[in-house]
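> Residues per chain are reported as follows:
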Amino acid sequence: MKIVVDYDLCESNAICMDIAPEVFEVRDDDFLYVLNETPSEDMRPKMDEAVQRCPKQAISIKE
Amino acid sequence: MPETGHQHQGVNDSTPDLHEPASVTVVGASLAGVRGAEAIRRDGYRGPIKLIGDETHLPYDRPPLSKQVLAGQWEPEKAQLIDAARVAELGLTFEVGVATALDVEGRRIEVDGRWCDYDALMISTGARPRRLQEGQQLEGVHVVRTLDDCLALRRDLDVVPGRVVVVGAGFIGAEVAATCRGLGRDVTIVEVAEVPLARVLGDQIGAVCAAIHEENGTELICGVGVSSLSGNLRVEEVQLDDGRTIEAAIVVVGIGVIPNTEWLEGSALEIDNGVVCDATCLAGPNVVAAGDVARWYNDRFDQVMRVEHWDNAVEQGAHAARRLLQGAGAPNFSPIPWFWSDQYDRKIQLAGRPSPDDRIDVVTGSFEERRFAAVYSNDGALTGIFGMNRPRHVMQYRGLINEGASLDDALSLAGESS
Ligand SMILES: Cc1cc2nc3c(=O)[nH]c(=O)nc-3n(C[C@H](O)[C@H](O)[C@H](O)COP(=O)(O)OP(=O)(O)OC[C@H]3O[C@@H](n4cnc5c(N)ncnc54)[C@H](O)[C@@H]3O)c2cc1C
Ligand code: SF4
Chain F
0 MKIVVDYDLC ESNAICMDIA PEVFEVRDDD FLYVLNETPS EDMRPKMDEA VQRCPKQAIS
60 IKE
Chain E
0 MPETGHQHQG VNDSTPDLHE PASVTVVGAS LAGVRGAEAI RRDGYRGPIK LIGDETHLPY
60 DRPPLSKQVL AGQWEPEKAQ LIDAARVAEL GLTFEVGVAT ALDVEGRRIE VDGRWCDYDA
120 LMISTGARPR RLQEGQQLEG VHVVRTLDDC LALRRDLDVV PGRVVVVGAG FIGAEVAATC
180 RGLGRDVTIV EVAEVPLARV LGDQIGAVCA AIHEENGTEL ICGVGVSSLS GNLRVEEVQL
240 DDGRTIEAAI VVVGIGVIPN TEWLEGSALE IDNGVVCDAT CLAGPNVVAA GDVARWYNDR
300 FDQVMRVEHW DNAVEQGAHA ARRLLQGAGA PNFSPIPWFW SDQYDRKIQL AGRPSPDDRI
360 DVVTGSFEER RFAAVYSNDG ALTGIFGMNR PRHVMQYRGL INEGASLDDA LSLAGESS
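So the sequence lines, in the order shown, correspond to chains F and E.
In terms of numbering that gives the first Met the number 0, the first sequence opens at residue 0 and continues consecutively.
In terms of numbering that gives the first Met the number 0, the second sequence opens at residue 0 and continues consecutively.
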C-alpha cells in the first residue's frame with residue numbers, strides 16, 4: 000500500500016494527522032509531511048479512514 | 000430525553016454479529032449516506048446496499064459550492080464524492096426518487112408514490128436552506144445548497160453586473176461573499192446580529208471575523224434585518240428593517256437551514272428539529288439517522304445536538320451505518336464537533352462546543368496578525384479551540400479536549416511550543 004497526497008489539494012488542516020500521527024505530520028511550517036509512504040497492511044483501516052475524512056479528498060491509496 | 004444506550008467501546012466494528020440485516024437502504028444519497036455505505040462495505044458487509052436520493056447528479060461534495068466551484072476554479076466534476084468505478088467496486092445501487100413516507104412497524108418506505116420494503120434503514124436526508132418570507136421568488140435571488148443552486152448563481156454572476164447582497168453573515172453567507180469579492184464584485188452583507196457569528200464564536204472572535212470582511216472590501220451591515228426584497232421580475236432592491244434600501248443586482252440568502260424531516264411526519268419516529276436518536280444514532284427499530292438531519296444525545300457533552308458540519312456527516316454516517324449491523328451494546332457516538340470555513344485567504348476552524356461567553360485565551364499568534372489560535376474554557380475546563388490560519392494547532396488542542404484537559408494544560412502546551 001502506498002500513500003499518495005495531492006499537495007495541490009491539501010490545505011494542511013491536519014485531520015489525517017489526528018487519525019494517524021505515525022504516518023502524517025503537519026509541521027510548524029504548516030506543510031503536511033508523509034512520514035511513512037508505505038505503511039504496513041495493518042494500518043489499512045486507519046489509512047482508509049484518513050482518505051474518507053480528508054475534507055479536500057487529497058489522500059489516495061495506491062495498491 | 001432519548002434513551003442513552005450503553006457505553007460499550009469493546010465492540011469490534013469489523014465483525015458483523017447476528018444482527019446483520021439482509022439489506023441496507025439509505026435515504027438521502029449525499030455525504031452522510033455515501034460515507035456510511037462505504038464504511039460498512041469496507042467493514043465486510045455483503046448484503047445489498049441501496050441509496051435513494053432526490054438529486055440526479057452522482058453524489059457530490061457541498062463545501063466547494065460556496066468556494067472553488069462558485070469561483071469557477073473547479074469544474075463541478077472535481078467536487079464528486081464518489082465515481083462510477085468506485086460505485087461498481089463497492090456494489091452500491093443508486094436510485095433517484097423522493098421518499099415521502101416511512102412505516103417503521105411495517106418496515107417500508109414510500110418512494111415516488113410506491114411502497115417498498117426495507118430491512119435496515121439509514122436516514123440521511125440532510126437539510127435545506129431557510130428562505131425569506133418576501134421576495135425570495137424574484138429572479139436573481141439565490142440560496143446555495145445544491146450543485147444546481149451553485150451553477151445558477153455562477154451563471155447569474157457571469158452575466159449580471161452590479162452589487163451582490165448577501166443576507167446573513169453565517170459561514171455560508173460569509174464564504175459566498177468572499178468568493179464574490181474574489182471575482183471583483185461589490186458585495187454587501189446584511190446581518191441581523193450585532194456581531195456576526197457571535198452566537199457560535201463569542202463577541203471577540205466574531206468581531207475578528209467581521210473585520211476580515213471589511214479588510215477585504217466587503218461592506219458589512221450588522222444589527223439590522225432584511226424586511227423584504229423588491230423588483231419587477233428581477234430583484235432590484237433590498238429593504239432593511241431600519242428603513243434603509245440597498246440596490247442589489249444579485250441577492251444570496253444564507254440564513255440557516257431546516258432539517259428535511261417532513262417526509263417522516265406521521266411515522267413512529269420522534270421529530271424535533273431533526274430526527275431524534277439515542278446516543279448510538281438509533282432512531283427507531285432498525286432505523287438510524289446521520290448528518291445534518293440527525294439530532295442525537297452526545298454523551299461526551301451531555302447534550303442533545305444536531306451538527307451541520309462536513310466532518311460530522313462523514314463520521315456519523317459511518318457510525319450510524321455500522322449501528323445497523325450491531326445489536327445492543329453498540330458504541331455511542333461521542334465526537335468533538337469540528338468544522339472549517341474558508342473566507343478570502345483565511346482558514347477558520349473551530350473544534351469543540353464552546354458557549355459564546357466562555358473565556359478566551361490566545362495560545363499562538365494574535366488577533367491583529369489575523370493568524371492565531373485561541374482556546375475557550377469554562378471554569379478551567381477546555382471547551383473549544385478556534386483557529387485562523389492555524390490548522391495544526393486546532394488539531395493539537397482538539398486532542399487535549401479529547402483527553403478532558405484543563406485550561407492550565409492548554410496554557411502549558413502553549414508555553415512549551417512558543
Ligand atoms: C455551500 C455549502 C458549503 C459548505 N461548506 C462547509 C465547510 O466549509 N465546512 C463544513 O464543515 N461544512 C460545510 N458545509 C456543510 C456540509 O456540506 C454538510 O454538513 C453536509 O453536506 C451534510 O451532509 P448530509 O449527507 O447530512 O446532508 P446533505 O448533504 O444535505 O444531503 C442530503 C441529501 O438527501 C436528499 N434528500 C432530502 N430529502 C429527501 C427525500 N425525501 N428523498 C430522497 N432524498 C432526499 C437531498 O437532496 C440531499 O441530496 C457546507 C454546506 C454547503 C451547502
Ligand atoms: S486531511 Fe487532507 S487536507 Fe488535511 S492535512 Fe491531511 S491530506 Fe491535507
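Warning: the hint list may mix true and false statements.
[Stated by the list, open to error] Subject to a maximum C-alpha distance of 25 Å in a straight line, what follows is the list of computed DSS-like cross-link-like pairs (lysine-lysine):
1. F:Lys55 with E:Lys77
2. E:Lys346 with F:Lys1
3. F:Lys61 with E:Lys77
4. F:Lys61 with F:Lys1
5. F:Lys55 with F:Lys1
6. F:Lys61 with F:Lys45
7. F:Lys61 with E:Lys346
8. E:Lys77 with E:Lys346
9. F:Lys45 with F:Lys55
10. F:Lys45 with F:Lys1
Just so you know, the hints here were simulated from the structure itself, not pulled from any lab data.
Note that the coordinates shown come from a computational prediction; the quantities given were computed from them, not determined experimentally.
> Against this structure, judge whether each hint is valid.
Status of the hints after comparison with the structure:
no. : hint                  : in the structure
1   : F:Lys55 with E:Lys77  : 10 Å, holds
2   : E:Lys346 with F:Lys1  : 29 Å, violated
3   : F:Lys61 with E:Lys77  : 19 Å, holds
4   : F:Lys61 with F:Lys1   : 5 Å, holds
5   : F:Lys55 with F:Lys1   : 19 Å, holds
6   : F:Lys61 with F:Lys45  : 15 Å, holds
7   : F:Lys61 with E:Lys346 : 30 Å, violated
8   : E:Lys77 with E:Lys346 : 21 Å, holds
9   : F:Lys45 with F:Lys55  : 17 Å, holds
10  : F:Lys45 with F:Lys1   : 13 Å, holds
The structure does not agree with the numbered hints 2 and 7 stated previously, though it agrees with the rest.
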